[in-house]
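Visitor: Numbers given in the working numbering equal positions in the sequence shown, counted from 1, plus 4.
Source of the hints: derived by calculation from the structure; they are not laboratory data.
Since this is a predicted model, take the numbers as computed values, not measurements.
Where a beta carbon is used, it is the ideal one built from N, C-alpha and C, also for glycine.
Where hints are given, some of them may not hold.
Straight-line alpha carbon distances no greater than 25 Å define the calculated DSS-like cross-link-like pairs of lysine-lysine that follow [to be verified]:
id	residue 1	residue 2
1	Lys108	Lys97
2	Lys228	Lys184
3	Lys122	Lys136
Here are the computed distance ranges between Cβ atoms for each label pair [to be verified]:
id	residue 1	residue 2	range
4	Met251	Thr171	17 to 25 Å
5	Thr252	Ile230	31 to 39 Å
6	Leu145	Gln250	16 to 24 Å
7	Leu247	Ile220	51 to 59 Å
8	Gln250	Ala150	43 to 51 Å
9	Lys136	Gly116	41 to 49 Å
10	Glu178	Glu154	43 to 51 Å
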Amino acid sequence: MPPSRTDKSIAHPSAAATAPRRHPRHPPSDTAADAQAAIPPDTGIDAAGDAENTTFSADTADATEMVKQEPEDEWKGPLFLFYETSRLRGDIKRAIRGWEECEKDWVKCEKGWDKCEKALESTTADYVAVSKGLLITEKRLEEARARHRELVGSSIACQKDLLKVSTSNLELREEMKNLKALFHCLLCDGRITEAYQADRCGHSFCRACLDAYHHIHDGCPSCKSIPLAGAGWPAPNVAVDLLIRQMTEIEEQSRQARA
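Between the sequences and the hints, there should be enough to build the whole structure, so can you do that?
Guide: Written out as structure tokens, the structure is:
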């Protein structure tokens, strides 16, 4: 609605700005009808602006009535009304275009915000997945470390057991050497067969070797001890003979196992 002529907040255009330019061929008219006929047609308003003309029709009629009430400014009224109407239409169109641009910018901002939210959700999901993977990896690493410690402990225990076995093996070898020395005949330099003891000293020899030795010498071939007459020496050594038989069986089983 155009502003009233009595509104002090809007300055009235001056006579120089609102007065129509004089043309030599068209002298100024003194009537409102001639002034209305001199207004150029509105060619700057499109089809959408024609729809707005209906909104301003009632206001235009009111403004025209107000202008007619002042006969001394009758020729200024239509020009002022045309000027204000055109200005308001331009302002409205510019406001509509600005609103449409703001709405487009708002839609773009909403789309950008949605993209940022989706990217943030994706990043958060990736972070959660990586965190879970790190936790699982750390747990597996801790399990592997515990398993490694167990294996190291088992390896140390095995090394200790192996050392014990090696020590036992050395002891067994020493015992075997002692047994072999016990089962070794000094006369034939071989293993005793049918062990006989020359005297109470405990030295044993093969029966055949000891008989051959006693044809030449008396007593024990090792310590040279001479038994008492009628003491029953030489005599068979049953314990040594039994041990020799067991040792022979063990060696035979070992050969078969290796084969």
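Visitor: Compare the structure with each hint and give your call.
Guide: Taking the hints in turn, this is what the structure says about them:
1. Lys108 / Lys97: Status holds; Cα separation ~16 Å.
2. Lys228 / Lys184: holds (21 Å)
3. Lys122 / Lys136: Holds. Lys122 to Lys136 sits at ~21 Å (cutoff 25 Å).
4. Met251 / Thr171: 17 to 25 Å: holds (22 Å)
5. Thr252 / Ile230: 31 to 39 Å: holds (32 Å)
6. Leu145 / Gln250: 16 to 24 Å: Once the Cβ atoms are compared, 56 Å apart, the range 16 to 24 Å for Gln250 and Leu145 is violated.
7. Leu247 / Ile220: 51 to 59 Å: violated (29 Å)
8. Gln250 / Ala150: 43 to 51 Å: holds (48 Å)
9. Lys136 / Gly116: 41 to 49 Å: Given a distance of about 30 Å, which is not inside 41 to 49 Å, the answer is violated.
10. Glu178 / Glu154: 43 to 51 Å: Taking Cβ atoms as reference, Glu178 and Glu154 lie about 36 Å apart, which means the hint is violated.
Checked against the numbered hints given earlier, the structure breaks hints 6, 7, 9 and 10 and satisfies all the rest.
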